[in-house]
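*Asks:* Chain residues, written in single-letter form:
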Amino acid sequence: MKRQPLSGSDYFHLLLDRKMLRNGLVGNVSRIHLELESSADLNSIAEHLCQNRTFQSVSELKVVHRWPLLPVWKKEKRERKNVITQTGVAKDDFESSVLNRKVDNENGLVFIDLCELEDHTKHVVISMHHVLFDHQGMVNFLHALADDSKTFPLFPESEKPNFWRTLANFSYMTVYMLSRSSGKLGTLVDKNLKPKSAPRFKVIEFSEAETKQIEQNAWKAGSRIGQSALYISATAQIVKQTLQKRNENPPYLWFSVPNDQRKKGTAGHLVSNQLSFLFFRLKTEELNETETAVSSINQQLKAQIKNRITKRYTDLLNSLRLMPMPVYEAMVDLASNGKMSSFGFSDLGTDKIKLNDFLGAEVMNTFHYPPVPSPPGFNVVVSKNNGKLKFVWAYFDEVLSDDEIDRMEASFRMLPI
Amino acid sequence: MVSRDTIEAQVSDYLTKRFLAKGVKLEASMAFAELGIDSMTVVELVMYIEEEFGIEIPADQLTGDNLKSLDSLVNCAISNQA
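Line by line, the protein sequences are chains A and B. Be aware that the first sequence starts at 1, since it is given in this note's numbering, and climbs by one per residue. Be aware that the second sequence starts at 418, since it is given in this note's numbering, and climbs by one per residue.
Bound-form chain A, shown alone (with noise of 0.2 Å):
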């Protein structure tokens, strides 16, 4: 295999793995679950997903790092299979072992559970390590399994940098990380918390009808080119809300938006994160009204898409590759005063994971549940399939009570959204 750097986002991810393995949880991993019809032959997919080119090919990767050298990929041929069949399996223990499945380099970047559960329903959750892919590598990793025809470029082209441009983007972006100190961001967990539990996903889901509606208000709220400015608002209110119940006053929030890198127009390439992030502050005042918040959103994105954060912060994520990851981290807690951020939200776009069918079975329901990092514990991913708006809340219970998500999913939907 031809030498493969991985690029500085990937890099990113094996630093937020760190952090969250340090911290008790089960690593930086994003999973799909798929709901299949209760006819559905697991042994039969399973033997087809063992034979599968491209899950073949993506089990056998793992990251080898000999600093001062550029962290790179490598192939490894594996004996094991990473396809567990399991049936009468009981709810509680799909939950807490299942949807929390350790996947690592030594093991196995990726891990592919069947299940037929004690109600009948069955079930497969594909278990990725964050390093591997983005959102467009996971939806093609997930095509590919289901049709073994379907093929896609394992890396992404190489692009050269240029040393100079580098070098000065990497100056800026530290100059421009550390002086916008975030380090009084509010957040719903104590830096020094470790989570035991396995994370909760709370998943709240609008009708055709309501997601038509909150697309408009998103345009009254001044929410212009997509309806991400209202979407993030929202998060940032119900957090803000839930931080004064607890009679914490904040000066503000803080967090990062990732940013799709892809060159447009194809599905592109398999494994490695092709992402930058834009990041917003929102003061506490500036989340009193759902229109100050999203107005602020846009005036911060405007000015950043002007400076060109996002390429910017992709070089000096790529330039921060050649840091041992100590020290990287080290210079991440400053910025942040160990923080990260007050929470995280993705926008996965509309209808990209759209799957009738895996190896045969129907697929009755799709859920994606994102890692989630603590700090901040707390993550909101959003999509929109067939026309409906879905939200997922992936939290811990030391992070959240039963009562403040009750509150706040109470909140959110009184909200524009």
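Honestly, the hints are just simulated from the structure, not real lab data. All of these numbers come straight from a predicted model, not from anything done at the bench. Check each hint, because a few of them may be wrong.
What the hints assert, rightly or not - Derived pair list, reagent style SDA-like, types lysine to any residue, alpha-carbon separation capped at 20 Å:
1) A/Lys306 / B/Phe470
2) B/Lys434 / B/Glu444
3) A/Lys212 / B/Lys485
4) A/Lys306 / B/Ile472
5) A/Lys311 / B/Ser420
6) A/Lys306 / B/Gly471
7) B/Lys434 / A/Lys384
8) A/Lys160 / B/Ala438
9) A/Lys390 / A/Val125
10) A/Lys160 / B/Gly440
11) A/Lys202 / A/Glu409
12) A/Lys302 / B/Val459
13) A/Lys384 / B/Gly481
14) A/Lys264 / B/Lys439
15) A/Lys306 / B/Glu469
16) A/Lys263 / B/Lys434
17) A/Lys306 / B/Glu467
18) A/Lys352 / B/Glu451
19) A/Lys220 / B/Val460
20) A/Lys302 / B/Ala476
21) B/Lys439 / A/Glu157
22) A/Lys150 / A/Ile126
23) B/Lys439 / A/Lys384
24) B/Lys434 / A/Arg308
25) A/Lys352 / B/Ser456
26) A/Lys264 / B/Gly440
27) A/Lys264 / B/Phe470
28) A/Lys160 / B/Phe470
29) A/Lys306 / B/Ala476
30) A/Lys302 / A/Lys384
31) A/Lys263 / B/Asp430
32) A/Lys302 / B/Gly471
33) A/Lys263 / B/Met447
34) B/Lys439 / A/Glu159
35) A/Lys263 / B/Met457
36) A/Lys263 / B/Asp455
37) B/Lys434 / A/Glu159
To be verified - Between beta-carbon pairs, the in silico distance windows are:
38) B/Ile495 / A/Met414: 39 to 45 Å
39) A/Glu210 / B/Gly471: 38 to 44 Å
40) A/Glu210 / B/Arg421: 49 to 55 Å
For every residue, glycine included, the Cβ atom is placed at its ideal position computed from N, Cα and C.
Mind docking chain B on chain A? Use the hints.
*Replies:* Relative to the frame of chain A, chain B by itself:
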């Protein structure tokens, strides 16, 4: 006044070089969604038009219909040219 053809050619060139994968042929009538062009990219295109041609598209015209394709975006820009 900049001609429609000039605006379309320059925006098309910017979009192709900056955002599209090698070998992808852009047609002005193609829906942005079909090309996987997200809202962030469209914001960048609107800002490019503003900076390059001094044409400001008012916020109330940033509708889904006006931002559907290169064709509709350029039409919207032309209608706002002073």
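*Asks:* So, for every hint listed, does it hold in this structure?
*Replies:* Checked hints:
1. This hinted pair checks out: A/Lys306 and B/Phe470 have alpha carbons roughly 15 Å apart, not beyond 20 Å.
2. With a C-alpha separation of about 14 Å, the suggested pair B/Lys434 and B/Glu444 falls inside the 20 Å cut-off, and the hint holds.
3. Between A/Lys212 and B/Lys485 the CA atoms are separated by roughly 18 Å; this keeps the pair inside 20 Å, and the hint holds.
4. Restraint check for A/Lys306 and B/Ile472: the C-alpha separation of about 16 Å stays at or below 20 Å, so the hint holds.
5. Distance check on the hinted pair: A/Lys311 and B/Ser420 sit about 31 Å apart at the alpha-carbon level, beyond 20 Å; violated.
6. Taking the CA atoms of A/Lys306 and B/Gly471, the gap is about 15 Å. The hint holds against a cut of 20 Å.
7. A threshold of 20 Å between alpha carbons decides the hint, and for B/Lys434 with A/Lys384 the separation of about 29 Å lies outside it, so the pair is violated.
8. Only pairs whose Cα atoms come within 20 Å are accepted, and A/Lys160 paired with B/Ala438 is accepted, the gap being roughly 16 Å.
9. For a cut-off of 20 Å, the pair hint linking A/Lys390 to A/Val125 stands: about 19 Å separates their Cα positions.
10. For the hint pairing A/Lys160 with B/Gly440, the CA-to-CA distance comes to about 19 Å; that is within 20 Å, so the pair holds.
11. Restraint check: the Cα-Cα separation between A/Lys202 and A/Glu409 comes to about 9 Å, which is no more than 20 Å; the hinted pair holds.
12. A distance of roughly 12 Å separates the Cα atoms of A/Lys302 and B/Val459; the hinted pair therefore holds under the 20 Å criterion.
13. Of the supplied pair hints, the one linking A/Lys384 and B/Gly481 holds, its CA atoms being roughly 16 Å apart against a limit of 20 Å.
14. For the given pair, A/Lys264 sits about 9 Å from B/Lys439 by alpha-carbon distance, which is consistent with the 20 Å threshold.
15. For the proposed pair A/Lys306 and B/Glu469, the alpha carbon gap of about 13 Å is at most 20 Å, so the pair holds.
16. A C-alpha spacing of about 10 Å is found between A/Lys263 and B/Lys434, which places the hinted pair at or below 20 Å, so the restraint holds.
17. Proximity of A/Lys306 to B/Glu467 is assessed by CA-CA distance (about 11 Å); at most 20 Å being required, the pair is judged to hold.
18. The hinted pair formed by A/Lys352 and B/Glu451 meets the criterion: a straight-line CA distance of about 12 Å does not exceed 20 Å.
19. Taking the CA atoms of A/Lys220 and B/Val460, the gap is about 18 Å. The hint holds against a cut of 20 Å.
20. Between A/Lys302 and B/Ala476 the alpha-carbon distance is near 13 Å, which keeps this suggested pair within the 20 Å criterion.
21. At roughly 10 Å between alpha-carbon atoms, B/Lys439 and A/Glu157 fall within 20 Å of each other, so this suggested pair holds.
22. Between A/Lys150 and A/Ile126 the CA atoms are separated by roughly 18 Å; this keeps the pair inside 20 Å, and the hint holds.
23. For the suggested pair B/Lys439 and A/Lys384, the alpha carbons sit about 29 Å apart, so the restraint of at most 20 Å is broken.
24. For a cut-off of 20 Å, the pair hint linking B/Lys434 to A/Arg308 stands: about 16 Å separates their Cα positions.
25. About 15 Å separates the Cα atoms of A/Lys352 and B/Ser456, which keeps this hinted pair within 20 Å; it holds.
26. With a C-alpha separation of about 11 Å, the suggested pairing of A/Lys264 with B/Gly440 holds against the 20 Å cut-off.
27. At most 20 Å may separate the alpha-carbon atoms for a hinted pair to count; A/Lys264 and B/Phe470 exceed this at roughly 25 Å.
28. Simply put, A/Lys160 and B/Phe470 have alpha-carbon atoms about 31 Å apart, too far for the 20 Å limit, and the pair is violated.
29. Annotation: proposed proximity of A/Lys306 to B/Ala476 holds, straight-line Cα distance about 17 Å (limit 20 Å).
30. For the hint linking A/Lys302 to A/Lys384, the alpha-carbon distance of about 24 Å lies beyond 20 Å, and the restraint is violated.
31. With a C-alpha separation of about 14 Å, the suggested pair A/Lys263 and B/Asp430 falls inside the 20 Å cut-off, and the hint holds.
32. Taken as a hint, the A/Lys302 and B/Gly471 pair is honoured in the structure, with Cα atoms around 16 Å apart against an allowance of 20 Å.
33. Our distance criterion of 20 Å between C-alpha atoms is met by A/Lys263 and B/Met447, whose separation comes to about 17 Å.
34. Among the hinted pairs, B/Lys439 with A/Glu159 is consistent with the structure: their alpha-carbon atoms are about 12 Å apart, no more than 20 Å.
35. For the proposed pair A/Lys263 and B/Met457, the alpha carbon gap of about 13 Å is at most 20 Å, so the pair holds.
36. Between A/Lys263 and B/Asp455 the alpha-carbon distance is near 11 Å, which keeps this suggested pair within the 20 Å criterion.
37. At roughly 14 Å between alpha-carbon atoms, B/Lys434 and A/Glu159 fall within 20 Å of each other, so this suggested pair holds.
38. Separation of B/Ile495 from A/Met414 is about 42 Å and conforms to the stated range, judged on CB atoms against 39 to 45 Å.
39. Range check, A/Glu210 to B/Gly471: about 41 Å between beta-carbon atoms, so the 38 to 44 Å window is met.
40. For A/Glu210 and B/Arg421, the hinted distance range of 49 to 55 Å is not satisfied, since their beta carbons lie about 40 Å from each other.
Checked against the numbered hints given earlier, the structure breaks hints 5, 7, 23, 27, 28, 30, 40 and satisfies all the rest.
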